[in-house]
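Keeping their order, the protein sequence lines are chains A and B.
At position 205 of the first sequence the residue is numbered 205 (our numbering), and the sequence of numbers has no breaks.
At position 60 of the second sequence the residue is numbered 60 (our numbering), and the sequence of numbers has no breaks.
Calculated directly from the structure, the hints in this document are not laboratory data.
Even glycine gets a Cβ: it sits at the ideal position worked out from N, Cα and C.
A portion of the hints provided could be inaccurate.
Quick partial rundown of chain B residues pointing at chain A, CB under 7 Å, derived from the structure [what the hints assert, rightly or not]:
id : residue
1  : Lys14
2  : Thr38
3  : Asp42
4  : Lys55
5  : Asn67
6  : Arg69
7  : Pro82
8  : His83
9  : Lys126
10 : Ala129
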Amino acid sequence: MLAQYIMLVFVGLLIAPVAGGLIAGLDRRVTARVQSRFGPPLLQPFYDVAKLLGKESMIVNSWQVFCAYMYLLGAVLSVVLLFLQSDLLLLFFVQAIGALFLVFGAMSAPSPYSQVGAQRELMQILAYEPLLILVFVGIYLATGSFQISEILTHEQPLLFKLPLLFIVLGYALTIKLRKSPFDFSTSHHAHQELVKGVTTEFSGPYLAIIEVAHWYETVLVLGLVALFWSTSLWGMLALLLGTYFLEILIDNTMARLTWRWMLSYVWIVGLVLSVLNLSWLYAS
Amino acid sequence: MSIIKDFINKSRIKSPWIVHFDCGSCNGCDIETLAVLTPLYDVERFGIINVGNPKHADVLLVTGTVNYRNQHVLKTIYEQMPHPKAVVAIGACGLSGGVFRDCYNVVGGVDRVIPVDVYVPGCPPKPEAIIDGVVLGLEKFAAKARGEDVSRFETRRPFDKKQADQGAVNVQTTATQEG
């Protein structure tokens, strides 16, 4: 039992970032193919992070360094909790604290880009957190537990009971991955008017830490997606691949809109879909 | 540990993030520089990303003539980049001031203000030449990071801080005379 737990923690700690980095590399390659380019090598995200780790550390203040490490810690802990099949609510609160520390780090520097990025990141957190909680409530209503180990024993894929909540989770996933049309706080392509938003003032090794934490977050959200078809491995894989490919397509076909649009649109669509699905679950 | 160090050194060449600063060029060099980032040349194949933030950048591409007003901006951008870094001066104006070198407001080439690693000549240079320049700059800073002798890459004209400072004083006296 203990050996099993240690193995699960090991998988969460070491395999998750490798998987997250490979997903990021695959993402960049597929994006390049969509734009009829060749694209970087699959291992490009690892080269980027290694290079950043080898750079000189230039910090604005020590609070910023602390925040970068706390962001990583929050992301790692939530992934480890996911692999330990722990409580969904606990996992939710831990990842929320991690996400907030990124905002604190950006706020600690007086740079206007960093400040604007931090405010926008807060808006994004405000948009996806209620949706994520509603998805967890839906899972609770369908399976009778917040405990992942008990949700996994459910004999029928959750997707059949919670199809609308899966779409809601898709919105949360897009915001969390900072993909178009929700790439307000920062994006991989660093559009000039934002520079790099929330990560503007992080440089060198600390930017590398944030990048690695982002890989962990990707694995976390994809793990939540996988919960919706936990009964068979192939179903899970198909669901993950399908969702992520759709995510890349949306990223490449959508333009960034305003954060006001995001708040009203995501809340209205998310709440309507959630309420419909939850009332249907309650009635059946 | 040496495996990790080797991987980091290898990664430096494989992941150059560039920041582009225009010191007042005619836009010719800038268009060629940005053409490098389009799908036609697709420099993301080599891991090159245009970041627009000096704190994230490894290579500084400078185009245009440096003048007394923007030399401070250029210096600030250079100082905000964490080590190791490389500077690539692009075009006749970036190399020497070009046809504007005798103008009263022009300091001259980029190397009067910050140390330049690679010079890419041309008016404007071809995108292929700019990619070559970035690659050469990367080889240079990877060699520096390994602690090798970089004299084989020696720059054409040594960085002269004193001259640049004198230039700054000159513009002040000119301004007072005009006032």
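In rising order, the numbers of the hints this structure does not comply with: 2, 5, 6, 9 and 10
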